[in-house]
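Colleague: Construct the entire structure; sequences and hints are all you get.
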Amino acid sequence: MMLRLLCLLLAPLACSASAEAVKYTSWDDVSWAITRKDKLAFPHHQQLYNDYMAACNRETRGQCQAGEDYRLRMNKDQPGGVYNFTETGFAKIRAPKALFDLINNFWIQNKGKETIEWKSVNSYHNMWTSPPHFVSMESAEFGGGDELQRQVWKEARKVLEEWTNQRLSPVSMYGVRVYKNDSILAPHVDRMPLVTSCIINLEQDLDEEWPLEVFDHQGNAHNVSMVPGDMVLYESHSVIHGRPFPMRGRAYVNVFLHFEPIGPLDDPEKAGPHADGLPPYVIAGGQWDREARKVGKWEVLDSVPRAINRGDVRALEYIAMNMPEKITMKDYNGWEPIHEAAYAGNLDALKLLVDNGASLWSQVGRPGDTPGPNVLGIAQLNDENKPDSPVMVYLKEQMVDSEL
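Residues -21 to -1, 1 to 383 (mature numbering (1 follows the signal peptide of the UniProt record, and there is no 0)) are what the sequence shown spells out, left to right.
Hint data in this document are derived by calculation from the structure and do not stem from the laboratory.
Heads up, none of these hints are tricks.
Distance condition first, Cα-Cα at most 20 Å in a straight line; then the derived SDA-like pairs of lysine to any residue: (1) K76 / Q130; (2) K309 / E296; (3) K55 / G198; (4) K159 / T108; (5) K92 / R229; (6) K16 / Q42.
Modeller: In C-alpha cells, the structure reads:
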C-alpha cells in the first residue's frame, strides 16, 4: 500500500490506469497531521508539517502548540461523540441560483474592498505568511446586514434540511473569505455548535486545483475540487476537513454557512434538547458532552429576539409549540416579539407570530404607560422598511383601516 500511496502522491501520471484505487484514512496521517503529529506517512509531508508548526510557534512564542494539540485531540475524539444525519457526511452540488445570486451579487459589489480577516495566529491556517482577506456580510457599509443574511439563511436552509432531514437553526455566516497563495488549512472538525455546514465557491484564480480534503463517516479520504457555483455540504462536527496542500494561485473566494440541528424535519414534536439540556446532536459521555457542559445550558430555543434577528423560523416554531406564552410576552421596554419582527422587516417571523396568536393591533407600552404605536407604526420607524417592502405591503394589506 505504501508504494501505491507514494505513486499517487508523487507521480500520479506514472501510475498504471488499471492499478487498484489507492485509499487512505484519517488514521494514516498521509496528507497532514490528522490525529498524530510525528507519524506522517511520508518524510516530505512530515517536514512540511514540522516547518509549518515551527513557524507557527515562532510567531506565538510557543503558544501555537497548545491549539495544535487541541486540534489533533478533537480530530481523534469528536467524530465518535456526536450524532450524524447523512450516510457519507458530505456531498457536492451546484448551488441553487437564488442562493448563489444573493451571495455573488454581494461579492461583485465589494470585490477589492476586502481586508485582512485574522490578526491572531493559530495552527489552523498559516496566516503568518498567507493571511486570508474578508468582507463581512453583516456590515451595512458593504450592502450587507440582517435582511441579506436572513435571505441567505433561508435559501441555504432549504438545501441542508433536505439533505439531513433535520430542522436547522442558523449559527454563523462569516462573509466572503479570500484565500491567498500558499494557504494551508489544517484538517479539523468544527467546534460546537457548527454542525451542518456548506461551502460555496464564488471565484478562483489558480495555477492548479486546490482540493478540499474530507474524511467521510467511514474515515476514508476524498479530495473534492470546486468551481465557482459549486456548493459542498458537510457535517462539519464529525467530518474532518481541510486543504492541506499549499494553494498555488492568487485568490480562492468562498462563503461558509453553518447551522445546528434542533430535531427531525418530519416530526417537530421531537425537536429540542435532551432531558439534561444538551443539544440533540451530542452523544452522552462523548467529547462534545464535556465541551457542551463547559458552555452551559443550550439556549438556542429559548430566545425569541435571537430567532427573529436571525430569521430562525425553526426556533420560533419550537417556541410557539412548547412555550406559547413567549409569543406575546412583552420585554422591559413594552415591546412584544411581533414589534421586533415588524421593525426588523422580517416577514417570515411576522407571519409565524400572527399564525400563533400575536396581534397586529398590539401597541407598544408597559402597564401604566400611554399606549404607543401598533405593529405598522413600529415598522414605519425603521427607514429600511420602504413603502414597497414585503413587510410594509403585508401590514398595509392586513391593517388597511387601522390608525397609527
